[in-house]
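Visitor: Chains A and B, in that order, give the protein sequences.
Numbers in this note's numbering are just positions in the first sequence, counted from 1, shifted up by 14.
Numbers in this note's numbering are just positions in the second sequence, counted from 1, shifted up by 1121.
Bear in mind the hints are in silico, worked out from the structure with no lab data behind them.
Check before you lean on any hint, since a few could be wrong.
[As the list claims (entries may be wrong)] Stretch by stretch, here's where chain A covers chain B in the computed footprint (C-beta under 8 Å, at least three residues):
1) 1140 to 1146
2) 1160 to 1169
[What the hints assert, rightly or not] Ranges between beta-carbon positions, derived for each pair:
3) B:K1190 x A:N32: 27 to 37 Å
4) B:R1229 x A:Q98: 23 to 33 Å
5) A:L69 x B:K1226: 20 to 30 Å
6) A:T129 x B:G1183: 31 to 41 Å
7) B:K1226 x A:Q98: 17 to 27 Å
Glycine is no exception: its CB is placed at the ideal position from the N, C-alpha and C atoms.
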Amino acid sequence: DTGVSQNPRHKITKRGQNVTFRCDPISEHNRLYWYRQTLGQGPEFLTYFQNEAQLEKSRLLSDRFSAERPKGSFSTLEIQRTEQGDSAMYLCASSFNPGQPRNTEAFFGQGTRLTVV
Amino acid sequence: AQSVTQLGSHVSVSEGALVLLRCNYSSSVPPYLFWYVQYPNQGLQLLLKYTSAATLVKGINGFEAEFKKSETSFHLTKPSAHMSDAAEYFCAVSEDRDDKIIFGKGTRLHILP
Chain A
15 DTGVSQNPRH KITKRGQNVT FRCDPISEHN RLYWYRQTLG QGPEFLTYFQ
65 NEAQLEKSRL LSDRFSAERP KGSFSTLEIQ RTEQGDSAMY LCASSFNPGQ
115 PRNTEAFFGQ GTRLTVV
Chain B
1122 AQSVTQLGSH VSVSEGALVL LRCNYSSSVP PYLFWYVQYP NQGLQLLLKY
1172 TSAATLVKGI NGFEAEFKKS ETSFHLTKPS AHMSDAAEYF CAVSEDRDDK
1222 IIFGKGTRLH ILP
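With these hints in hand, go ahead and build the complete structure from the sequences.
Guide: Set out below in structure tokens:
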């Protein structure tokens, strides 16, 4: 297993364009998380999935953002009508939660760096 | 809602000196606590985690952290700093009820020769 994989690693887009990022979690991990990290800040929680179900969305996630995990494996994060404020590193993480006892050790990908010009 | 506060956005220590990175948490229920490290242009790597089994937690690369409920703290320490420890360190908290991990703003550790 090569760990959590994110594509692309870098994306430069013009303001107003749509972008989509992909995350492939560690196989058999049922939890998948999306975070956003800006320079000098810690990762900010955006949303997470248990298998294909989206359990929670942060208030940071405006209507322009949508995330899916259609078959409970890979996930996509789409940003519509990008704005310069969307420029950030988008991190994906996965974990295996068997119920009780919990194991919330999350493994992170290397992220997708988005630059909106 | 759970949260963490990391004291000091930048910490500098001399090579061979003690490393102490401070983290205080807020949680309405017994928390799970983590320290992650991020090297330049790399993803986050778990250093150690507290899950209520033992208050003193040992992690990778010689780091350890002690959970102190009375002080709501989970400070990260290493007896002797190495140049390779220079990185950004994040404290994080999670609660049983929703399982998402909330990060602090991070502390950048600089190692002086």
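Visitor: Need the list of violated hint numbers for this structure, in ascending order.
Guide: Of the numbered hints given earlier, those the structure breaks are 1 and 3, listed in rising order.
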